[in-house]
Amino acid sequence: DTGVSQDPRHKITKRGQNVTFRCDPISEHNRLYWYRQTLGQGPEFLTYFQNEAQLEKSRLLSDRFSAERPKGSFSTLEIQRTEQGDSAMYLCASSLAFGQGSYGYTFGSGTRLTVV
Amino acid sequence: ELKVEQNPLFLSMQEGKNYTIYCNYSTTSDRLYWYRQDPGKSLESLFVLLSNGAVKQEGRLMASLDTKARLSTLHITAAVHDLSATYFCAVDRSSGGGADGLTFGKGTHLIIQP
Numbered sequence: 001d002t003g004v005s006q007d008p009r010h011k012i013t014k015r016g017q018n019v020t021f022r023c024d025p026i027s028e029h030n031r032l033y034w035y036r037q038t039l040g041q042g043p044e045f046l047t048y049f050q051n052e053a054q055l056e057k058s059r060l061l062s063d064r065f066s067a068e069r070p071k072g073s074f075s076t077l078e079i080q081r082t083e084q085g086d087s088a089m090y091l092c093a094s095s096l097a098f099g100q101g102s103y104g105y106t107f108g109s110g111t112r113l114t115v116v
Numbered sequence: 001e002l003k004v005e006q007n008p009l010f011l012s013m014q015e016g017k018n019y020t021i022y023c024n025y026s027t028t029s030d031r032l033y034w035y036r037q038d039p040g041k042s043l044e045s046l047f048v049l050l051s052n053g054a055v056k057q058e059g060r061l062m063a064s065l066d067t068k069a070r071l072s073t074l075h076i077t078a079a080v081h082d083l084s085a086t087y088f089c090a091v092d093r094s095s096g097g098g099a100d101g102l103t104f105g106k107g108t109h110l111i112i113q114p
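Top to bottom, those sequences are chains A and B.
All residue numbers for the first sequence refer to my numbering, where the first residue is 1 and numbers rise by one.
All residue numbers for the second sequence refer to my numbering, where the first residue is 1 and numbers rise by one.
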């Protein structure tokens with residue numbers, strides 16, 4: 001297993017366009033998380049899944065944002081009608097549900113979004 | 001609301017010196033995480049501290065956890081330039097013990113000068 005993979009690594013888009021990011025977690029991990037990190041700040045939690053079920057969404061996740069994990073494997077994060085304030089690094093992480101013999105979260109390399 | 005506060009937020013130090021980064025948090029969580037981030041890169045896990053009194057060491061870095069004081073420290077011994085990075089501490093978002101994601105501090109931007 002090569003860890004958590006995110007695609008694309010960089011995305012430049014014009015304001016108002018829709019963008020979609022993909023995350024492939026570690027294969028045996030049943031939990032998957034999305035975070036947003038702006039310059040000079042720590043990552044902020046957006047949402048997470050257990051298998052295909054979306055268990056929680058942060059209030060940071062406006063109705064322009066939607067995340068899916070249709071088969072409990074990879075996940076997508078879509079941003080509709082992008083705004084300049086959406087420019088950030090979007091990080092994906094995966095883990096086992098704690099108590100399954102492992103603690104800790106593994107992060108992907110992130111997708112850097114620039115909205116112009 | 002869960003808060004995680006790191007200090008200092010910025011630290012410039014000379015090679016060979018020792019220093020400590022502090023992380024205070026407001027939850028009753030027994031777990032605390034330290035990550036390293038290089039510019040433009042993702043987060044690299046350094047330590048996962050799982051209980052009160054936990055101490056872990058890797059090379060020139062040592063992390064400890066005091067759950068009663070809700071305080072973790074990351075100590076740097078005889079710093080070298082390669083340790084220049086931003087260091088984040090984080091705690092589980094809920095104290096219920098489940099893996100429901102992390103709340104991060106703002107990070108400590110560490111520069112080590114020759």
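Because the hints were derived from the structure by calculation, they are not lab data.
Quantities reported herein were computed from a predicted structural model and do not represent experimental measurements.
Among these hints, one or two may not hold up.
Label pairs and their calculated CB-CB ranges [as the list claims (entries may be wrong)]:
#  : chain 1 : residue 1 : chain 2 : residue 2 : range
1  : A       : 73        : B       : 62        : 11 to 21 Å
2  : B       : 62        : A       : 57        : 33 to 43 Å
3  : B       : 13        : A       : 22        : 15 to 25 Å
4  : A       : 7         : B       : 28        : 29 to 39 Å
5  : B       : 13        : A       : 3         : 26 to 36 Å
6  : A       : 81        : B       : 50        : 38 to 48 Å
7  : B       : 12        : A       : 60        : 43 to 53 Å
8  : A       : 71        : B       : 53        : 36 to 46 Å
9  : A       : 39        : B       : 12        : 37 to 47 Å
10 : A       : 22        : B       : 38        : 19 to 29 Å
11 : B       : 73        : A       : 66        : 13 to 23 Å
Simulated crosslink set (DSSO-like; lysine-lysine; CA at most 30 Å straight-line) [as the list claims (entries may be wrong)]:
#  : chain 1 : residue 1 : chain 2 : residue 2
12 : A       : 57        : B       : 17
13 : A       : 11        : B       : 68
14 : B       : 68        : A       : 14
15 : B       : 106       : A       : 57
16 : B       : 41        : A       : 11
17 : B       : 68        : B       : 41
Each residue gets a CB set at the ideal place from its N, CA and C atoms; glycine is no exception.
Cross-check of the supplied hints:
1. Checking the proposed 11 to 21 Å range against residue 73(A) and residue 62(B) shows it is violated: the Cβ atoms sit about 38 Å from each other.
2. The hint said 33 to 43 Å for the Cβ distance between residue 62(B) and residue 57(A), and at roughly 37 Å that hint holds.
3. Range check, residue 13(B) to residue 22(A): about 40 Å between beta-carbon atoms, so the 15 to 25 Å window is missed.
4. For the hinted restraint 29 to 39 Å between residue 7(A) and residue 28(B), the CB-CB distance of approximately 38 Å keeps it satisfied.
5. A hinted range of 26 to 36 Å holds for the C-beta pair residue 13(B) and residue 3(A), which are about 31 Å apart.
6. The hinted window of 38 to 48 Å between residue 81(A) and residue 50(B) holds, with their beta carbons roughly 43 Å apart.
7. Distance hint for residue 12(B) and residue 60(A): a CB-CB separation of about 32 Å, inconsistent with the stated range 43 to 53 Å.
8. Checked against the hint of 36 to 46 Å, the pair residue 71(A) and residue 53(B) passes, with Cβ atoms roughly 42 Å apart.
9. A beta carbon spacing of about 19 Å between residue 39(A) and residue 12(B) contradicts the range 37 to 47 Å that was offered as a hint.
10. For the pair residue 22(A) and residue 38(B), the supplied restraint of 19 to 29 Å holds, since their beta-carbon distance comes to about 23 Å.
11. At about 40 Å, the CB distance of residue 73(B) to residue 66(A) disagrees with the hint of 13 to 23 Å.
12. The straight-line distance between the Cα atoms of residue 57(A) and residue 17(B) is roughly 43 Å, outside the 30 Å bound, and the hint therefore fails.
13. Pair hint residue 11(A) plus residue 68(B) does not hold up; C-alpha atoms about 44 Å apart against a cutoff of 30 Å.
14. Of the pairs offered as hints, the one joining residue 68(B) and residue 14(A) is violated, with about 49 Å between alpha carbons and a cut-off of 30 Å exceeded.
15. Straight-line distance between C-alpha atoms of residue 106(B) and residue 57(A) comes to about 21 Å, which keeps the hinted pair within the 30 Å bound.
16. Restraint check for residue 41(B) and residue 11(A): the C-alpha separation of about 15 Å stays at or below 30 Å, so the hint holds.
17. Between residue 68(B) and residue 41(B) the alpha-carbon distance is near 33 Å, which puts this suggested pair outside the 30 Å criterion.
When held up to the earlier numbered hints, the structure conflicts with 1, 3, 7, 9, 11, 12, 13, 14 and 17 and fits the remainder.
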